[in-house]
Every structure is written in C-alpha cells, then in structure tokens.
Amino acid sequence: MKLAASAGGGLLLGFNWLGAGTANAAVVDEAAVAAGSLEFNSFLSIAPDGTITIFSPNPEVGQGIKTAFPLIVAEELDVDWTRVKVVQAPLDTKKFERQVAGGSGSIPHSWDRLRTAGATARLMLVEAAANRWKVPASELTTDKGVVTHKGSGRKLSYGDLAQDASRLTAPKDVKLKDAKDYKLIGQSIKNVDNKPILTGEPLFGLDFYREGMLFAMVQRPEAFGLKIKSVDAAAAKAMPGIVDVVQFKNNVAVVGKSTWQVKKAREALKVEYEKDGDLESSSDHNRIFSELMDSPNATVRRKDGDVEAAFKKAAKVVKSEYQCPFLPHSPLEPMNFFAHVRPDGAELVGPTQTPERARNEAAKFLGMPPEKVTVEMTRMGGGFGRRLAADYVMDAVEVSSLVKAPVKVIWTREDDMTGGNYRPAVRYRFEAALDAQGNMIGYKLRGVGINAGNPTREDNFPAAAVDNLLIDSFDHKSPITTGPWRAPITNFLAFAEQSFLDEVAQAAGKDPVQFRIDLLEKAKKSPAGEVKYDIDRMIAVTKLAAEKADWGKKKGVSQGFSLYFSHRSYVAQIGEVVMQKGKPVVKKIYAAADCGVVINQSGARQQIMGGIVDGMGHAMYGNMTFKNGAPEQENFNTYKLIRLNEIPEIEVFFVDNGIAPTGLGEPALPPTGAAVANALFKATNKRLRNQPFVEEDAYKSIL
Amino acid sequence: MALYKLQINGRSYQADVEPDTPLLWVLRDNLGLVGTKYGCGIAQCGACTVHVNGEATRSCVMPVSAIGTSKVTTIEGLSAEGNHPVQQAWDEVDVPQCGYCQAGQIMTAAALLKRNAKPNNDEIDAAMSGNICRCGTYHRIREAVKVASTKTAK
Numbered sequence: 001m002k003l004a005a006s007a008g009g010g011l012l013l014g015f016n017w018l019g020a021g022t023a024n025a026a027v028v029d030e031a032a033v034a035a036g037s038l039e040f041n042s043f044l045s046i047a048p049d050g051t052i053t054i055f056s057p058n059p060e061v062g063q064g065i066k067t068a069f070p071l072i073v074a075e076e077l078d079v080d081w082t083r084v085k086v087v088q089a090p091l092d093t094k095k096f097e098r099q100v101a102g103g104s105g106s107i108p109h110s111w112d113r114l115r116t117a118g119a120t121a122r123l124m125l126v127e128a129a130a131n132r133w134k135v136p137a138s139e140l141t142t143d144k145g146v147v148t149h150k151g152s153g154r155k156l157s158y159g160d161l162a163q164d165a166s167r168l169t170a171p172k173d174v175k176l177k178d179a180k181d182y183k184l185i186g187q188s189i190k191n192v193d194n195k196p197i198l199t200g201e202p203l204f205g206l207d208f209y210r211e212g213m214l215f216a217m218v219q220r221p222e223a224f225g226l227k228i229k230s231v232d233a234a235a236a237k238a239m240p241g242i243v244d245v246v247q248f249k250n251n252v253a254v255v256g257k258s259t260w261q262v263k264k265a266r267e268a269l270k271v272e273y274e275k276d277g278d279l280e281s282s283s284d285h286n287r288i289f290s291e292l293m294d295s296p297n298a299t300v301r302r303k304d305g306d307v308e309a310a311f312k313k314a315a316k317v318v319k320s321e322y323q324c325p326f327l328p329h330s331p332l333e334p335m336n337f338f339a340h341v342r343p344d345g346a347e348l349v350g351p352t353q354t355p356e357r358a359r360n361e362a363a364k365f366l367g368m369p370p371e372k373v374t375v376e377m378t379r380m381g382g383g384f385g386r387r388l389a390a391d392y393v394m395d396a397v398e399v400s401s402l403v404k405a406p407v408k409v410i411w412t413r414e415d416d417m418t419g420g421n422y423r424p425a426v427r428y429r430f431e432a433a434l435d436a437q438g439n440m441i442g443y444k445l446r447g448v449g450i451n452a453g454n455p456t457r458e459d460n461f462p463a464a465a466v467d468n469l470l471i472d473s474f475d476h477k478s479p480i481t482t483g484p485w486r487a488p489i490t491n492f493l494a495f496a497e498q499s500f501l502d503e504v505a506q507a508a509g510k511d512p513v514q515f516r517i518d519l520l521e522k523a524k525k526s527p528a529g530e531v532k533y534d535i536d537r538m539i540a541v542t543k544l545a546a547e548k549a550d551w552g553k554k555k556g557v558s559q560g561f562s563l564y565f566s567h568r569s570y571v572a573q574i575g576e577v578v579m580q581k582g583k584p585v586v587k588k589i590y591a592a593a594d595c596g597v598v599i600n601q602s603g604a605r606q607q608i609m610g611g612i613v614d615g616m617g618h619a620m621y622g623n624m625t626f627k628n629g630a631p632e633q634e635n636f637n638t639y640k641l642i643r644l645n646e647i648p649e650i651e652v653f654f655v656d657n658g659i660a661p662t663g664l665g666e667p668a669l670p671p672t673g674a675a676v677a678n679a680l681f682k683a684t685n686k687r688l689r690n691q692p693f694v695e696e697d698a699y700k701s702i703l
Numbered sequence: 001m002a003l004y005k006l007q008i009n010g011r012s013y014q015a016d017v018e019p020d021t022p023l024l025w026v027l028r029d030n031l032g033l034v035g036t037k038y039g040c041g042i043a044q045c046g047a048c049t050v051h052v053n054g055e056a057t058r059s060c061v062m063p064v065s066a067i068g069t070s071k072v073t074t075i076e077g078l079s080a081e082g083n084h085p086v087q088q089a090w091d092e093v094d095v096p097q098c099g100y101c102q103a104g105q106i107m108t109a110a111a112l113l114k115r116n117a118k119p120n121n122d123e124i125d126a127a128m129s130g131n132i133c134r135c136g137t138y139h140r141i142r143e144a145v146k147v148a149s150t151k152t153a154k
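Respectively, the protein sequence lines represent chains A and B.
Note that my numbering has the first sequence beginning at 1, numbered continuously upward.
Note that my numbering has the second sequence beginning at 1, numbered continuously upward.
Careful: at least some of the hints might be erroneous.
[Said to hold, decoys possible] Label pairs and their calculated CB-CB ranges:
(1) B:Asn120 with A:Asp511: 36 to 46 Å
(2) B:Asp122 with A:Ser701: 58 to 68 Å
(3) B:Pro63 with A:Ala179: 52 to 62 Å
(4) A:Glu649 with B:Lys118: 13 to 23 Å
(5) A:Ser152 with B:Thr150: 43 to 53 Å
(6) A:Glu649 with B:Leu3: 44 to 54 Å
(7) A:Asn637 with B:Pro63: 49 to 59 Å
These are calculated hints, taken from the structure and not from any lab test.
Backbone N, C-alpha and C define an ideal beta-carbon position, used for all residues, glycine too.
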C-alpha cells in the first residue's frame with residue numbers, strides 16, 4: 001500500500017475489485033496513476049481546495065451513465081455535488097472492468113462497487129478528523145464535503161482533511177447508507193455535460209480533430225450480396241484536396257484534406273460490382289417468412305406440458321401473425337472514428353459502446369498486442385446498439401494503416417443508413433388455446449427471423465403461466481447484416497406478444513389487465529416450468545399503471561394495456577386514444593416502471609419518456625425495405641423518424657421498493673408499440689399486426 | 001478554390017474552399033467551430049442549424065458562396081458566457097440526453113423567440129418539428145422553449 005499524497009497534497013483513492021465481491025481500496029500516488037503502473041479499477045481524488053474528481057469508466061451514449069455513476073459515489077462520500085468534477089476515463093482493462101454501454105447493464109453491475117468506493121473515502125476523512133480533534137469517529141457527522149463534531153461545533157472540509165486521510169490505511173467492510181438517508185440518489189440531477197453540450201464545445205467523435213489528420217469516406221457496394229469487380233479511381237484522385245484512394249476488402253476509401261472534398265471525390269469513383277450472394281428484396285423476405293413458418297425443422301426453445309393435446313381439447317383457438325421490417329439505428333451522429341496507426345502501436349479515438357472490442361479487433365488486424373492500441377472514448381451522439389459493433393472503427397484502422405497517416409473516417413447519413421447492422425426483420429405466429437371458461441390452456445409461438453439468431457425470448461411471460469407451451473424458431477441467413485438494436489428482439493417481440501395477449505383476452509371475454517393478472521397469479525400458484533421473471537414485480541407495475549390511468553373508468557377515452565420485463569426492469573404502459581373529428585389520436589401514454597432504486601429522477605424519467613417516443617416512432621413509421629439487395633431508404637427524407645408534433649403526452653411513475661437498481665436504457669421501449677396498438681384497437685376495432693403501422697391497411701382505413 | 005471572407009459570431013474569418021462547400025463543413029473543417037453538427041446533409045434533421053442574419057438556416061445545404069456579407073451566428077456565438085435565455089432554459093429543464101442535436105434545437109428555438117417572444121403551443125410545435133431528436137427529448141424541448149420565453153433576453 002502506497003502512502004504518498006497526490007500531487008496537490010490531496011487524497012487519491014484507488015479501488016480494486018477485480019475478482020472480488022467487495023472493493024479493496026488503497027491510497028495511491030498520482031504519479032503512479034499517470035504512469036499507468038497501478039492496478040486499480042476506479043479512482044476518486046479529493047484536492048485540498050475541496051474539488052472532488054470522479055472518473056467515469058463507461059461509455060456515455062445518452063443513457064446518462066456519466067452522471068449516474070459519479071452521483072452514486074458522491075452519495076456515499078457525502079459531498080457537495082457542485083464541487084464534483086467528472087472525468088471520462090479511457091479504455092483501461094487493468095484499471096476498470098465492463099467498460100461497455102449495452103444491455104442496460106452498467107448500473108446493476110456497478111451499484112455496490114460505486115457505493116463502496118464513496119463510503120470508503122468518507123470513512124477515511126472522518127477518521128482523519130477524529131485523529132486531528134482526538135474525538136471518537138462515532139461523534140462525527142458528514143454533509144456536503146464537511147466533517148462536523150457536534151459536541152464542540154468544530155468543522156473541517158474534506159479538502160482540509162484530504163492530506164491527513166491520504167496517510168491512513170483504507171478500511172475494509174465499510175457500512176453503506178440506509179436509503180432513507182440519501183441526499184442525492186433519487187433527486188433530479190442534471191446531465192454533467194450540459195455546459196459543453198449547450199455551448200457547442202468539441203465533445204463528440206465527429207468533433208475530434210488532430211493537427212495533420214486526413215479525412216476519409218468509404219464507398220461500399222450499393223447492395224448486400226455484391227463484391228468489387230473493378231475500381232477506376234483516376235477521376236477521384238484528380239479532384240482537389242484528394243491525397244489517396246485505397247481499397248480494402250469490399251471497400252474503396254477516398255482520403256483527403258476535408259470532408260466536402262472527400263465526399264465530392266467519392267462521387268467521381270467508378271466502381272463496378274458483381275454478384276457475390278443472393279440479392280434479396282423485401283418481397284423475397286415475405287416469401288421466406290411464409291415458407292419458414294411451416295418448416296418442420298425449427299429449433300425448440302421451450303416446451304412445457306402437452307401443447308398438441310391442449311389445442312385438441314380447446315373450446316376456442318386464437319391465431320395471429322405479426323411482422324416487423326429491418327430498421328437502421330439512425331443515431332444522429334453518424335458512424336465515425338479516428339485512427340492513427342504507427343509502426344509501434346495505434347491510437348483510436350471516437351464514439352464506441354464497446355471500446356475493448358474496438359481495441360481487440362484493431363490489435364488482431366494489425367498483428368499487435370492489444371496493449372499497444374489505446375482507445376479514447378468520446379461522448380456519443382446516440383448509439384442504440386449500432387456502436388456495439390466495431391466495423392466503422394476498423395474502417396479508420398484499415399485506412400490509416402494503408403495511408404500511414406492519422407485519419408478520421410466519416411460516414412454520411414446515407415452510408416450510415418445503408419451500411420447494414422440492422423434490427424433484423426422478424427415474423428411471429430402466435431396460437432392460443434382457450435378452454436370453455438376462457439382460460440389459456442395452450443400457447444404456441446414460432447419466431448422466424450432474418451439473421452436474427454433466436455427471435456424469441458422463450459422464458460419471458462407468458463411462459464410459466466400456461467401449462468402447455470411450445471416456443472420454437474427458425475433463422476434465415478442473409479447477406480443483409482444485422483446487429484443488436486435498442487432492446488434487441490424484445491423491441492418487436494414485446495409488441496407482438498402484448499398485442500396478441502390483447503386478442504386472446506378479447507376472445508376470452510376478459511378485461512386485458514385482469515387477464516394478465518390472472519395469468520401471473522396462476523404462474524405464482526402453480527408455475528409450468530421455470531419462472532425467470534419476478535411475478536410480484538410484474539403484478540405491481542400492472543396495478544400501478546392501471547391505478548394511475550384509471551383503467552377502464554374513463555369516458556370517451558380508449559385504453560390499451562401492455563406489460564414487459566426486459567433487461568432486469570419491469571414496465572407497464574397504458575396508451576390512450578381519443579377520437580377527434582372522427583379520427584383516432586394517441587393522446588397519452590402512462591408508464592409504470594420498476595427499476596428498483598431510482599438513482600437520478602431527471603435521467604430516469606427521460607430514459608422512460610425517450611424510450612416511449614422511440615418505441616412509438618419506430619412502431620408507427622420505421623421501415624427499411626430492400627430491392628435486389630439494396631436498401632430503398634437512404635436518408636431522413638424517405639426514412640421517417642418521429643418528430644416533436646407527433647408525440648403523445650407521457651406520464652411516468654416509479655415503483656418505490658428499495659430493490660437494488662437495474663438499467664433503464666432499454667426497458668421502456670418494448671411495451672410501447674402494444675400500448676398504442678391496443679388502444680387504437682379499442683377505439684377503432686382495427687388490429688395492427690405489422691410494423692410500421694402507417695403502412696398497414698388497417699391503419700390507413702382509420703386515418 | 002476561392003477565398004471567402006465570412007462574418008461569424010461577430011468576428012471575421014477567411015476560408016479558402018470550393019464555392020459549393022456547405023457552410024457546415026467550412027465551420028467544422030476550416031474554422032474549427034464544431035458545435036454545429038452534421039446529421040443528414042439534406043436539411044431534414046436540423047442538427048446543422050445556424051442563424052444567417054438572424055434567421056434559422058440549415059448550414060448543410062447553404063453553399064459558402066451564397067453567404068456574402070451575411071452575418072452568421074453559430075451555437076458558439078449565441079452568447080458570450082453560454083447564458084442565452086434558451087441555453088439557460090435548456091439547462092434548467094435538463095433537456096439533453098445524448099446532446100448531439102441540441103445545438104441545432106437551441107438555434108431553432110432562439111430564432112423562434114426572436115421573432116415571436118411568446119409563442120403558443122402550436123407555434124412552438126410548428127417551429128421545432130423540423131429538428132429531429134433521436135433520443136426523444138421532445139417533451140423537454142417543448143418545455144424549455146416555454147421556460148425560455150419567460151426569461152428576458154440579455
């Protein structure tokens with residue numbers, strides 16, 4: 001253990017919790033930290049002037065982690081939030097762990113670790129004050145970065161105590177606060193980057209600039225299933241500002257001195273392509289879905305009871321199919337990355353949800369050990385899963401290694417939208433068997449997808465609530481590339497399943513909310529197979545949403561219910577439709593969410609509201625179609641995103657249960673489509689089964 | 001290439017670029033003013049919004065040769081201290097999620113409030129619906145425009 005004070009004479013604490021449930025803390029030497037010679041995975045420092053610096057290791061993609069992580073540390077540390085400075089840490093697998101923005105997993109992963117970090121530092125500062133005043137530590141209290149001895153009225157700031165504290169041994173087994181004593185957690189705390197965002201300071205990957213760097217754009221085949229036959233780059237190379245044109249894999253990169261020059265020169269490229277795979281059109285996908293729906297070779301995902309027997313004895317069978325198209329992620333900041341490949345290493349800077357993947361793929365390609373590749377993370381202009389992939393990082397790495405210069409690769413919106421990695425297109429077939437009393441005694445789901453992997457989530461509700469259940473799937477391999485898209489699979493599965501359950505409730509003659517509660521209570525009393533969700537939490541959000549929306553009690557308002565558990569959080573939503581001039585209008589969506597402890601009210605509420613806007617927007621409008629392998633939408637003129645004048649009112653409620661917090665980056669999106677569609681059904685008797693809604697005949701007939 | 005003299009944020013700049021270069025890329029690549037964002041390049045998303053003689057303008061489709069002596073204001077020049085009423089309101093309401101579109105949103109809102117100090121809900125919706133926020137912070141954008149309209153411009 002090092003006892004050296006940090007450069008400014010303050011306290012610098014390193015925490016090491018790799019491989020251990022609890023954190024080991026130690027005072028560290030700032031010089032050693034700067035030299036990278038210490039193996040700690042989180043830091044906080046307290047300067048003599050009272051400034052607290054907290055390093056945030058995870059990529060910030062708009063999920064608010066750069067605010068939430070330090071907030072948790074600051075809570076246990078008991079500091080004045082206005083004195084906290086947050087610094088985005090670079091990728092460092094020796095010091096940090098799970099530097100990923102994905103799966104809504106950062107908060108559940110780090111909740112205990114961050115609290116322990118703050119509490120450990122607080123205890124050391126208290127001990128330093130106790131030593132100075134020669135009083136028992138138990139007589140001291142802390143608040144806003146000040147230690148107080150009530151008996152004598154003495155006070156010392158953390159800054160005054162930082163140097164003394166840095167000479168103490170970090171304690172083990174620190175006690176964490178009771179939730180009732182929280183001063184910051186559960187409050188509304190503003191985004192720590194508001195100032196640079198609102199004044200236009202360089203912050204995002206696209207804003208990164210390095211003296212002498214070149215700009216590059218990459219020409220890819222116009223369709224999935226094509227490969228390069230020949231390249232004539234003479235005209236492009238002759239354009240002003242162009243430094244080089246290079247080819248790698250199926251790409252031609254134009255490299256030059258400014259974005260606009262490179263963009264224009266790329267238009268002068270003459271590239272011929274030839275067929276390298278199936279050139280699929282959306283009409284092919286529809287045919288493939290129909291064939292696979294009846295394939296005998298599906299992969300069984302879950303099987304409970306005897307589903308065939310249940311359907312044979314059913315009094316009523318409900319059967320429906322639901323389908324969604326491919327979707328691009330459309331983060332407003334398009335893909336881009338900076339790379340400087342040198343003989344002895346590589347420097348990468350840019351927006352990535354997975355910096356470690358970026359480093360490892362670069363290192364593998366360059367034949368370097370990963371520690372020779374550095375990755376600096378910029379703030380991201382959205383990601384929605386697109387930046388989990390490293391293809392655009394590798395564009396920069398490959399081009400930099402070919403032209404032997406620092407290069408920033410920029411994708412235009414058209415590149416971004418036509419560049420693949422889409423939310424996969426999927427079709428589902430649901431079948432439900434009802435007995436004479438309207439009980440669901442059998443349930444079948446087949447999911448068929450295009451590069452979707454397993455398009456079902458076989459253990460999600462209503463699994464365990466139906467005695468006889470069969471869930472299987474089939475995947476079609478296509479040249480069209482796919483990847484995770486915010487709330488992967490469940491972003492559409494939840495819509496389809498919750499719309500279908502609405503159909504079943506209707507066929508059973510039951511209230512849709514009561515129908516779900518009955519199923520959940522059945523799963524609790526006599527579960528069929530394993531239960532992989534918390535039944536009580538499902539029921540609690542259902543009841544909270546129903547109570548807040550006055551479910552079933554409003555005159556002139558048509559309500560639709562939806563409930564989904566994903567990424568460890570529970571969200572129920574109720575959509576409300578009113579008829580205006582004979583047309584249905586989605587006026588409001590109520591959301592009841594259970595993510596355990598709400599860390600930041602402001603951030604959490606916006607994650608829910610943004611998730612609902614996103615879910616509704618893509619359900620209504622999102623549509624990516626293909627003709628002979630080529631995407632038919634290339635920019636926001638033909639691919640519609642929801643706009644401000646199209647949003648419903650949203651009201652958000654949280655379940656207050658004190659359970660350890662779970663993520664919110666994704667869970668509010670999946671239930672929205674069905675809350676909207678079920679309310680529209682209630683209002684118009686038209687069932688929307690395919691997305692986007694605006695392309696549905698049923699939707700066109702009501703508008 | 002041609003040399004263009006530009007009046008931006010009360011200062012004079014020079015840029016030696018092709019005449020068809022959009023103002024957006026002159027700002028970003030030549031002048032280092034990267035607060036103005038690229039989102040679509042075809043005037044559909046509003047991320048690139050600046051003021052040209054006080055009017056909200058999509059800089060991604062505005063060739064530098066068309067600017068002449070017009071006065072350009074970017075997010076960097078909206079206020080000296082980042083305390084324009086719209087910027088203050090955006091902070092108070094805690095609008096940004098990822099933050100990428102917000103410079104364009106703020107420039108659109110500032111132009112709206114300059115010509116209409118007390119816009120009603122329909123006027124706010126009409127003015128702000130040209131700007132896309134992929135994160136869906138629209139409720140807060142709407143609220144922040146209202147908050148800004150209650151502040152006196154400094």
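Against the structure, the hints:
Between Asn120 (chain B) and Asp511 (chain A) the beta carbon distance is about 40 Å. The supplied range of 36 to 46 Å therefore holds. Under the hint 58 to 68 Å, the C-beta atoms of Asp122 (chain B) and Ser701 (chain A), about 28 Å apart, miss the expected range. Checking the proposed 52 to 62 Å range against Pro63 (chain B) and Ala179 (chain A) shows it holds: the Cβ atoms sit about 58 Å from each other. Look at Glu649 (chain A) against Lys118 (chain B): about 22 Å separates their beta carbons, and that is inside 13 to 23 Å.
Roughly 47 Å separates the CB atoms of Ser152 (chain A) and Thr150 (chain B), a value that falls within the hinted 43 to 53 Å. Distance hint check: the CB atoms of Glu649 (chain A) and Leu3 (chain B) are about 52 Å apart, consistent with the given range 44 to 54 Å. Between Asn637 (chain A) and Pro63 (chain B), the C-beta spacing of about 19 Å breaks the proposed range 49 to 59 Å.
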